[in-house]
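Undergrad: The residues making up each chain are set out below.
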Amino acid sequence: MDLLEVKNLDFYYGSQKALADVTLNIRRNAITSLIGPSGCGKTTLLRCFNRMHDLYPGNRYAGEIRLQGRNILSKNEDLINLRSSVGMVFQKPTPFPMSVFDNIAYGPRLKGQRNLSFLREKVEKALRQAALWEEVKDRLKENAGGLSGGQQQRLSIARTLAVDPEVILFDESTSALDPISSQKIEDLMTELKKDVTIVAVTHNMQQAARVSDYTALMYLGSLVEYDETEIIFTRPQKKMTEEYVLGRFG
Amino acid sequence: MSKARYLNLGFKSLTFLASLSVLAIIAGIFVCLLWESLPALRHFGIFKFLFTADWNYAQESFGALRPLTGTALTTFLALLFAAPVAVGTAIFLTELCPHRLRGAFGTAVELLAAIPSVIYGMWGLFVFAPFLEASVQPLIGKTLGLLPLIGFFFQSKLAGGVNVFTASLVLAVMITPFIASVTRDAFNQVPATLKESARGLGATQWETIRQVQIPYSRQAIGGGAIIAMGRALGETMAVAYVIGNRHAPLDSLFAPYATITSVLANEFNEAAGLQLSSLFTLALALFLANFLALYLGKKLLKKEL
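As you go down the protein sequences, you meet chains A and B in turn.
With my numbering as the guide, the letters of the first sequence map in order to residues 1 to 250.
With my numbering as the guide, the letters of the second sequence map in order to residues 1001 to 1305.
Derived from the structure by calculation, the hints contain no laboratory data.
Beta carbons are placed, not taken as given, at the ideal position from N, Cα and C, and that holds for glycine.
Misleading hints may appear alongside valid ones.
Claimed, not checked - Reference listing, derived: stretches of chain B covered by chain A, where coverage requires no fewer than 3 residues with Cβ under 8 Å from a Cβ of chain A:
| hint | segment |
| --- | --- |
| 1 | 1196-1207 |
| 2 | 1210-1217 |
Unchecked claim - The calculated DSSO-like cross-link candidates involving lysine-lysine, where the alpha carbons are at most 30 Å apart (straight line), are:
| hint | chain 1 | residue 1 | chain 2 | residue 2 |
| --- | --- | --- | --- | --- |
| 3 | B | 1298 | A | 92 |
| 4 | B | 1299 | A | 141 |
| 5 | A | 92 | B | 1302 |
| 6 | B | 1012 | B | 1299 |
Throw the hints in and build the complete structure from the sequences for me.
TA: Written out as structure tokens, the structure is:
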């Protein structure tokens, strides 16, 4: 069974239909890229996976998204629980206005964890996983706003890792970073897929080709083609996919 | 030079003169206040003037301690009452209020700030003070008033409802809209993804507001509160109505007292000699305090982002 199974998903912003009949399965411990021109619905799809859309009024889903078999679009879904198993990293880093340590410990503390030695361990582990520990181990008490942009983005990843998610959603998470910092995030994603499943929205075609195992092309709210990355970039089934990956439209 | 260039030069000089006149007026007021204060400052000395509680017309002995503490106390209490209400209002306006009602609520809050202060004073004196005296004062007297050591400060001693508590509350109502609107603007500046990050980790809306949004905006909220404090410091008419302008030791929260502004408003007309100069010194102190509050507040607001 795949970790995430999307079946006939429609999504509406108010009366505007943004996703139409999307069906795809996200494989466990792999990186899946969502690509497509602006407005194609890739970010909208990504934000369905942790039901971030529910924060705003008027949004509506139809169809199914199953996480380990459980339909997360059901009315009874516990969103707080869902969001801690489906983490999200945004385009721009989002350090909370608190220390590096408190940023990472934020999630575990929300769950009621108060034991300091447990938290210390958790913070160190998450920072090591995010390849940030060596750089910040002496700055844990400093405000996270003082870190560089790339460090802040890895901090955001570490903060997500600290709540032990099944899936991490990356929403163009390298597009605001310099090439070296972006490279570090890409390496990190490859490293992390041992432990978690990654779904990444990206505008950067080379990045999708480099890091992801699977790639889905979307257009006007629909899924055009979804396959192994190598196939999408070398011998796609659809003409549209070929033209898109060659940069002829988009 | 062409005509256009002459006009341009004329335009430049005109705007320069206009802005210069603002500086000149401020400098002029400062110099006047200082000049008129000199007799009192010379006679009593700065230190003695600031820390003496006397206000005796017959013996021509004047000290600023009571008006200064009165202003400080009413301003402090006003901020204490206003800040939670204002932050709560801002949270409601930005996060909870249905979109359709946001405009109406926002305007209502701003309307509070547009009411002339003399109307607040009249309302405070004729409506609010009797109400507080009949309902709130006895309640506090029966609860906080029974505490050992500090209880006396919460006992009602003089009738009328004209006292420090009423003045602070009226001031609080007056500065709430300002703090609320600065706080609302600050909350609107919080990046959506920052809130979503907190929600994405499993925080509830309340946890996000309390742990992320308010700390993120704290400088702006602080700046707004300090500028509001400046307004409360200098608020004259409303306070003059409801503070009682009484030169006596403050023995209760529910006793009349004096503030810088109430003393100025009540006594300026009939003052002469040292008393007049002492009033000018009070005005100078208020001017400087206001200046400082505005400077600090703006500095905090600017640092944001």
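Undergrad: Run every hint past the structure and note whether it holds.
TA: So, going through the hints one by one against the coordinates:
1. 1196-1207: holds (count 10)
2. 1210-1217: holds (count 4)
3. 1298(B) to 92(A): 28 Å, holds
4. 1299(B) to 141(A): 26 Å, holds
5. 92(A) to 1302(B): 22 Å, holds
6. 1012(B) to 1299(B): Holds. Residue 1012(B) to residue 1299(B) sits at ~29 Å (cutoff 30 Å).
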